[in-house]
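Trainee: Here are the chains, one letter per residue:
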Amino acid sequence: MTTKYSYFPGCSLKGIGRAYEESLLPVFRALDVELEELEDWNCCGATAYMAVDEVKACVLASRNLAMAEKLGHKELLAPCSACYLVLNKTKHYLEDSPSVRGVIQKALAEVDMTYSGNTPVRHPLDVMINNVGLDAIKKRVVRPLTGLKVAPYYGCQIVRPYATFDDQHDPQTMDRLMEAIGCTVVHYPLKTRCCGASLTGTLPEPGLLCSKILLEEALKRGADVIATVCPLCQFNLDGYHHNIKKRWGDFRIPTVYFTQLMGLAFGLGERELGLHRGFIPMKPLPALAPAAVGT
Amino acid sequence: MSNEWQPRIVAFFCNWCTYTAADLAGVSRLKYASNTRVIRLMCSGRVDPQFILDALAKGADAVLIGGCHPFDCHYAEGNYKCLRRFQLLKRMLADMGIEPERLRLEWISAAEGEKVKRVINEMTAAVRALGPLGIPQKFAEWDKEMEQFTAHVQAAEALKAPCAEHAPTQEPAHV
Amino acid sequence: MDKPTNQNIRIGFYVCHCGSNIAAMVDCPAVAKYVETLPHVVLSRDYKYMCSDPGQELIQKDIAEHKLTRVVVASCSPLLHEHTFRGAVEAGGLNPFFFHMVNIREHDSWVHTDKAEATTKAKELAHAAIMRVAMHKALEVKRVPVHPDALVIGGGIAGIHAAMTLANAGKKVFLVEREPSIGGHMAKFDKTFPTLDCAACILTPKMSEAGSHPNITLLSYSEVTKLDGYVGNYTVTVKRKPRYIIEDKCTGCQECVANCVYKEAKFPDEFNEGLGKRKPVYIPFPQATPQVVVIDPKTCLNFRNGELTGKCKKSCVTACGEKQAIDFNQKETFLELKVGTVIVTTGFKAFDAKRMPQYGYGKFPNVFTALEIERLVNSSGPTGGHVVLRDGKTEPKSIGIIHCVGSRDKKTNRWCSRVCCMYSLKLAHLLKEHTGAEIYNFYIDMRTPGKGYEEFYDKLLEEGVHFIRGRVGEVTDWAMSKEEMEKGKLVIRVEDTLAGYVRRIPFDMVVLATGLEPQEDAQSIRRMLNMSCGTEGFFLERHPKLAPVSTFTEGIFLAGCCQGPRDIPDSVAQAGAAAEALVLIDKGYIEQEPNTAYILDDECCGCKSCIPLCPYTAITFDAAKKKAVINEALCKGCGTCVAGCPSGSIVQNLFDDEEIFSEIEGVLAHE
Amino acid sequence: MKLTRTIKYEADRVKGFGDEVRSVPGCEQLQSCIQCGTCSGVCPLSIYMDYSPRHVMALVRSDFKNEVLKSHTIWLCASCYHCTVECPRQIRITDIMYELKQRAIQEGIYPRHFTIPVLAKEFYKMVYRYGRVTENVLAATMFLKTNPMEAVKMWRLGLGLLLRGRFPLVLEKIKRRDELDRMMKVVDKMHIDQLHDDQKKPRHAVAGGHA
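Residue numbers (the working numbering), protein chains in the order written: chain A, 1 to 295; chain B, 296 to 470; chain C, 471 to 1141; chain D, 1142 to 1352.
Each hint should be verified, as a subset may be incorrect.
As the list claims (entries may be wrong) - Simulated crosslink set (DSS-like; lysine-lysine; CA at most 30 angstroms straight-line):
(1) A:Lys74 to D:Lys1314
(2) C:Lys793 to A:Lys220
(3) A:Lys245 to C:Lys959
(4) B:Lys410 to C:Lys881
(5) D:Lys1314 to A:Lys246
(6) A:Lys283 to C:Lys952
(7) A:Lys245 to D:Lys1286
(8) C:Lys793 to C:Lys733
(9) C:Lys733 to A:Lys220
(10) C:Lys733 to C:Lys747
(11) D:Lys1294 to A:Lys14
(12) C:Lys881 to B:Lys412
(13) C:Lys863 to C:Lys959
(14) C:Lys736 to C:Lys612
Unchecked claim - Listed below are several chain A residues computed to face chain C (Cβ distance under 10 angstroms; list not exhaustive):
(15) Gln168
(16) His169
(17) Val186
(18) Pro189
(19) Lys212
(20) Ile213
(21) Lys220
(22) Arg221
(23) Trp248
(24) Gly249
Since the hints were derived computationally from the structure, they do not count as laboratory data.
Just so it is clear, CB atoms sit at the ideal spot from N, CA and C, and this is done for glycine as well.
Please model the complete structure; the sequences and the hints are all you need to start from.
Mentor: Listed below in structure tokens is the structure:
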């Protein structure tokens, strides 16, 4: 039976993070989960916006939440970590702060919208593990990624500050998911360390160092690939290789979305999954080479 | 003190937990609304529903009962007995048209001075929003209505009297 | 002014300023003036300190001069001074129960901010008391005899000291300990701060003295499961867990241990925090008291899932020989004791370091807890005092000690555990002495308030131990690329708040100074003994300053860490609290509030509704008279039956209906 | 060698600043800070900060407004929430950092040509205009406003993105932009001082005010 979720892609998934959406949709389809994109969604109000006006950021997010509630599916899926956090944070503010709640409700009323707080915001990783289930995922695997050593990288904002579906210090959901599709998970102590986020674009030195530490440690732990859940993390780890090399040396390791790896295991094609959009390509895996080529 | 109307809340606190908690709130210098008057009992099980009705009848706007947490009653299970009576009484008060916010039962342990503050503040705000219960005034009004009615009937009787020789004798209208 | 006067009811009213505690927020003269107008009041005064001697004498003088028959004092909480004023009233020649107290400090002046409101409240509360006291009746204080024997629950240093104090005074004491040996946490320590006395040297003589004292019945490997009866006369049920050894027959020769079919000890040893190994039959530590072995059915071959299988060849029985001390058929037994007083010394539990995953305990082998280090530095410990890493051979060259693990943290325990700073200093000293390693202490605030403690800190500073003021962010096992020193080490990342740098420091060994928290089963003990707990779960004393070892139940006392974290000297000092139990035993009786209930025979219709309401089975039914009867000795005065009686024929002394109704009327009378 | 006096006089404090920050929803716990340094200990970016997060808490509490708002620290915070999660006093440090950033933008006292606040403002404006963000355009705008040379240096990355189809050439926008406009006007009208306390300045119309 098909399950339906409302889907909030967020700006990045239409731009630098296109490959995330390109792999997310078919993987969910393969698992009989349908995602219905919110009509006319707007920016979630993420990090940079919050630095200007936190209340307005919450108002922005609330418009999306209100539209999701109206759409009628029980839950809203937000794949980008920043969107996931801001939408959840807004929900918390609505519950905890009467003053913020007052402003949001007034602003929504202005455009004939309401939000009663009933639509939970979920991350695809959470849904994969807790709703779809590892068994269903294993059943769908046609080409186990045996031998592929993955460093699971969760980043910050899906476990902090609201650890809703995984442990805050040592999250395990992606580890289990990667094992389910046949990968070998390497011990990666930096799995929740910050990637540098938007700093990489604004203040290269500290931002790049954050990314470099992550890449270096993944290589040291013998990983072939880093799996991420966030478009910004993916961009930081994948896009700045050249800049990092200039400063600290060559730390070349591909970073892909966890959905791309799942797609590969499900037998989907590399192009179909947007794997060609990465700067550092994944080495072709012997196990999947014959099928992957030419699709 | 402002001249606006102040709610009056009568509280029955058990000696071991809630009264001690209120003492703790004092020792910790927590600040809360001054509308509650505490009557100390040994156990919340001693709270006779009549106390509550009496308090409301004598002008209280609300009644608060504080007892030990379940399993923690100094007398093993007095708090359960209190809870049972409370549930029944709550239904009865609802039938009488008294808002449920006017009667509250809280389990407050000796360590929860903070909770005493919270509960009293919440309750004061809730009762303030409801406005006065005013049962004594209502009693007075009813008495007045009765008197007027009696007077009215008597006046009518007096008028009828000359030609009412054969009318059946009437009971006096006093209640 | 005309007000009802009654020759028999002449009330004197006193409002106390309590210095400025009350007077600053309540207009005391105005309250006195208001009360003066109330019925039956013949005298109304305000006074600076009512509880002082002159204050009490004032009451006595007024009783005589003004022929007062009732007294009301508006001051602090009755839980604090009701007793004092009743005494004053009695000294003045009145029945002490012709007195009522109004709480205008804890319930009024301390919790309100508007003087007019607080004054109104004080007036209303006083009004209620005036109306109530008019209804008061003369009552007799109940005297309940106290059983002379005492029970001490928990055989740590506090329990041992308390038991010894009582026993030396000639009282019979039952000392119940749930582990196979008494000694508690202190037995595990190597040295004690700040004097660095060897813990065993000062503790073990006390242990064996307690074990052999003629007045002490030591019940080790036992737990108190039930406490029945009433104040001064408790019936205690003690569960004696089967140790499969007949205590009287065992001489502690340990032949059985030597001859166990397991030639090598292979099970984690509890006493050594799992760092050493023991056999299924073992003695917890060399100085264990009683000197009796114990058989662990979980590991003994003769058992399977707790059931006796008889499959082992039982070489231990053979080794024991004629003593015949081993009894595999031993079952759990229950013992009933009669005692009059109870001293609770159940101690603490060390914080579980796994609850702070960022410090890596359980994940990185070379992260240790402080208790583990106590065993490692101990010459009778698993390594003979040789400090090594978890691999059993490498000596650490650098050690980081993290303070406040699990303490001062809203997410775990909010309180300061009081002993960690000092024991961390002690461990730093011992570790340095044993290994010569570089030692770093990471602390938030250094707390050394005790005799000789600051001097000990000084000594450590001079010894060259490093101190970094900063709470450690994380302990990790990854190295920065350029930092050769970090390779293969545990790296601590911390802000050195005094130097002003964030630092990464590599260590061979990390020690977590775990805090103290209540025992896991503290709640069930608390319920069994009818005690209260603070929010943090430690047992609550009657008054933090004036009655720090008493509880709200007469005859039950507290000492040691079960009441809150404290160090050894404080625990022992507090265990002198046993002296308070002594006073009670010697006095021979406990005075009880005469707040029991009784039946008005004429009105009781014999409906029996009250009988199931009483949790103490104090109410019975007199079939001949067809009336309920209350046994005053069993009644504890809760009043639940009074509220439940449909015909209103039960009366509770001190809290009878008319007293409460007049109190209700009183608080609502003022407008 | 240039010497500077580091002493602070009472006049250097902006009295009430700490209380103001504390009155903002989410920042209430500030007062309970025990200066343990856990925040700095876990912060991945504290190594670049002029004041450590702990130090910022102390400065805010002591009303050193100018020092705080001029610091690099608030702009280096990448909102990873590590400090918030680990703080033993449950102070929401990240939220306090946001509040400080907002104030710095409001008062216009951040380092000139400092890219981060410019990015924040441009981000804000872009959302204001189109309802969504198109990252490459945003980045380009930001570099043009701060350091055009840097933009040139980024040619490799831009070209890479373009080749990989990650460089949209049309601006993303929403259809019913008027809805957002009306919602924001409501917020502006409600003035921030209703939200917090009376003394606080209105914080609306940042985009207009500083653009």
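Trainee: Does each hint fit the structure? Answer for all of them.
Mentor: The hints, checked one at a time:
1. A:Lys74 to D:Lys1314: Within the cut-off at roughly 27 angstroms; holds.
2. C:Lys793 to A:Lys220: Violated - the C-alpha atoms of A:Lys220 and C:Lys793 are around 63 angstroms apart, more than 30 angstroms.
3. A:Lys245 to C:Lys959: 27 angstroms, holds
4. B:Lys410 to C:Lys881: 20 angstroms, holds
5. D:Lys1314 to A:Lys246: It is violated: about 37 angstroms lies between the C-alpha atoms, which goes past 30 angstroms.
6. A:Lys283 to C:Lys952: Since the Cα atoms of A:Lys283 and C:Lys952 sit roughly 28 angstroms apart, the hinted pair holds (cutoff 30 angstroms).
7. A:Lys245 to D:Lys1286: 27 angstroms, holds
8. C:Lys793 to C:Lys733: 22 angstroms, holds
9. C:Lys733 to A:Lys220: Violated, at about 44 angstroms.
10. C:Lys733 to C:Lys747: Given pair C:Lys733, C:Lys747 holds - Cα atoms ~12 angstroms apart, limit 30 angstroms.
11. D:Lys1294 to A:Lys14: 25 angstroms, holds
12. C:Lys881 to B:Lys412: Holds - the C-alpha atoms of B:Lys412 and C:Lys881 are around 23 angstroms apart, at most 30 angstroms.
13. C:Lys863 to C:Lys959: 16 angstroms, holds
14. C:Lys736 to C:Lys612: 60 angstroms, violated
15. Gln168: Holds, about 8 angstroms.
16. His169: With a minimum Cβ separation of about 4 angstroms from chain C (threshold 10 angstroms), the hint on A:His169 holds.
17. Val186: 12 angstroms, violated
18. Pro189: 5 angstroms, holds
19. Lys212: Since chain C brings a Cβ to about 9 angstroms from A:Lys212, closer than 10 angstroms, the hint holds.
20. Ile213: Since chain C brings a Cβ to about 7 angstroms from A:Ile213, closer than 10 angstroms, the hint holds.
21. Lys220: Constraint on A:Lys220 satisfied, holds at 8 angstroms.
22. Arg221: This interface hint holds because 9 angstroms falls under the 10 angstroms limit.
23. Trp248: Result: holds, 8 angstroms to nearest chain C Cβ.
24. Gly249: 8 angstroms, holds
Violation of the numbered hints given earlier is confined to hints 2, 5, 9, 14 and 17; the remaining hints are satisfied by the structure.
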